[in-house]
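J.: One-letter residues, chain by chain:
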Amino acid sequence: MTALPSRRDEAWRYSDLAAVAALWPPPPARQIVVRAGEQREELLRVHAGGIHDLRVDLGAGAALTLVLLVESPGYARVFVEADLADAASLDLGAVLLAGGDATSEIVTDIRHQGPGASSRQRVRLVVDERATGSCLGRIAVARGAQKTDAALSARALVLKRTATANLKPELEIFADDVQCAHGCTVGELDKSALFYLQSRGIGRVEAEALLTRAFVADGFTRLKAGPARDALEAATAQWLEARL
Amino acid sequence: MKPVPMLEIINLHACVGDKPILKGLSLSVGAGEVHAIMGPNGAGKSTLSYVLAGREGYAVTAGSATFEGADLLAMEPHERAAAGLFLGFQYPVEIPGVSNLLFLRTALNAQKRLRGEAEISGADFMKLVRVESAVLGLDMEMLKRGVNVGFSGGEKKRNEAFQLGMLQPKFALLDETDSGLDIDALRIVSEGINRFRRPDRGVLLITHYQRLLDHVRPDFVHILAGGRIVESGGPELAMRVETEGYEGIAA
Ligand SMILES: Nc1ncnc2c1ncn2[C@@H]1O[C@H](COP(=O)(O)OP(=O)(O)OP(=O)(O)O)[C@@H](O)[C@H]1O
Ligand SMILES: [Mg+2]
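In order, the protein sequence lines correspond to chains A and B.
The numbers in our numbering rise by one with no breaks, and the one at position 204 of the first sequence is 204.
The numbers in our numbering rise by one with no breaks, and the one at position 95 of the second sequence is 339.
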């Protein structure tokens, strides 16, 4: 049994520790194993809080598309820990929507163990009211994992200035011939775009919803069109409508 | 008795930030009329258009503006649109991730809801899109892209004219919709404005060029300088601007 985390634990620095204590110990990690050469698509939707650990193992040449949507009141945490063997590929799209007093966070630890693997992480956080949203994304490249191609893009949209967004990328690289890119931005909705929409008859909140949906769309792009994607988009639209 | 003008602006004063830009501007545009505003760069023409459309950060400090008798300045921007006011932007905005089609359908239906009308069906909407876009030479592939994303300067202006055709407002306030258009596009957009002209509609064109006014004959021409209308006249005033410049006229 692992000990209750504290503020000193890097991966928990932005957590709601009182909520964590109430949830401790967390349920065992969900195992996602994709065997060598296989392909898979996995979804996780969190709408009732809690601590969700995902343990991902990708064999040589395996490919996983992982899509997450967190839209939950209270405290919600998703931890994705992944080991990528030679030439494996991971595509992670994550959307976190936090309003009210919610604290939502995603923590990733993507470990390139063999050469030639690729990982893509697109995290989109939307925070409103007094909510806190955080993304701690770590990419680790093992010695010998040459030709690694890793990218992390984390973007936060702050709908109200009373909300908080924390983005923290971390790279740990022990190979020399690798490509690792990370980009993190925190921003607000574009005022001119909002006015343009309003000037055409769209009310303020509906205009904000339209722009916010466009902002999070990157998180879902890799998901094939179909009922699963529709459901995530509908849940997002519903969350935005609830702001009305 | 003179009927109530569609748009009536009286002694309007407005600031951008702390800076006074409009300094006592008065203007009325009646139904069925086309007015043109010309004036030097920085005179306050776009400021006037933003104030009328309700942009944040443009504070009215004195004066009034009414639209069909209603207090325009008391309305939210989207309410002004639903009331029938359309602003063609001097610099149309790019909105990645929101397609032109989604944008327009959302706008059209939002306006209809505000007016208490039934929403347009998907099929009727697409029919309207096909008719209006064909006239302006915007193809379907472009309309599926993000709003104005990757559009050239002239294409953005054609898109403004397309939106005017789609939304069918009562009043078109067009801020340099002619700038950046090639000769053919200028003719096409002008035809669009002429088709828009009706006895129950008003048009206010902000332009720097006589060329547009050759195609769309205005009833009145005004010169805006230093935040006020300093001279008004008929189409001949635009000719004078062309030959004498603003210095000659203000003198
Ligand atoms: N955000 C701002 N802060 C301060 N001054 C501003 C701001 N926006 C506009 N202005 C000033 O307001 C004045 C009027 O600008 P406006 O855009 O209305 O001019 P215009 O008549 O449309 O000019 P043009 O013919 O070049 O389009 C200009 O001097 C401009 O610099
Ligand atoms: Mg201007």
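These are calculated hints, taken from the structure and not from any lab test.
Remember, predicted model here, so these are calculated numbers, not experimental data.
Just to be clear, a hint being listed does not mean it is correct.
In the DSS-like style, the derived pairs of lysine-lysine whose C-alpha atoms are separated by at most 27 Å in a straight line are [unchecked claim]: (1) A/K191 with A/K160; (2) B/K371 with B/K356; (3) B/K400 with B/K371; (4) A/K191 with B/K400; (5) B/K414 with B/K371; (6) B/K356 with B/K400; (7) A/K224 with B/K388; (8) A/K191 with B/K371; (9) B/K356 with B/K388; (10) B/K267 with A/K191; (11) B/K414 with B/K356; (12) B/K388 with B/K371; (13) B/K400 with B/K414; (14) B/K388 with A/K191; (15) A/K147 with A/K160; (16) B/K388 with B/K400; (17) B/K414 with A/K224.
J.: For each hint, tell me whether it holds in the structure or not.
T.: So, going through the hints one by one against the coordinates:
With a C-alpha separation of about 13 Å, the suggested pairing of A/K191 with A/K160 holds against the 27 Å cut-off. For the proposed pair B/K371 and B/K356, the alpha carbon gap of about 17 Å is at most 27 Å, so the pair holds. Distance restraint check for B/K400 and B/K371: the Cα-Cα separation of roughly 22 Å lies within the 27 Å cut-off, and the hinted pair is therefore satisfied. Our distance criterion of 27 Å between C-alpha atoms is met by A/K191 and B/K400, whose separation comes to about 19 Å.
Between B/K414 and B/K371 the alpha-carbon distance is near 21 Å, which keeps this suggested pair within the 27 Å criterion. Pair hint B/K356 plus B/K400 holds up; C-alpha atoms about 25 Å apart against a cutoff of 27 Å. The hinted pair formed by A/K224 and B/K388 meets the criterion: a straight-line CA distance of about 19 Å does not exceed 27 Å. Note on A/K191 and B/K371: the hinted pairing is violated, with a Cα-Cα distance of about 32 Å set against a maximum of 27 Å.
Straight-line distance between C-alpha atoms of B/K356 and B/K388 comes to about 23 Å, which keeps the hinted pair within the 27 Å bound. Of the pairs offered as hints, the one joining B/K267 and A/K191 holds, with about 26 Å between alpha carbons and a cut-off of 27 Å not exceeded. For the given pair, B/K414 sits about 14 Å from B/K356 by alpha-carbon distance, which is consistent with the 27 Å threshold. Restraint check for B/K388 and B/K371: the C-alpha separation of about 15 Å stays at or below 27 Å, so the hint holds.
Pair hint B/K400 plus B/K414 holds up; C-alpha atoms about 22 Å apart against a cutoff of 27 Å. For the suggested pair B/K388 and A/K191, the alpha carbons sit about 23 Å apart, so the restraint of at most 27 Å is met. At roughly 41 Å between alpha-carbon atoms, A/K147 and A/K160 are farther apart than 27 Å, so this suggested pair is violated. A C-alpha spacing of about 14 Å is found between B/K388 and B/K400, which places the hinted pair at or below 27 Å, so the restraint holds.
Proximity of B/K414 to A/K224 is assessed by CA-CA distance (about 43 Å); at most 27 Å being required, the pair is judged violated.
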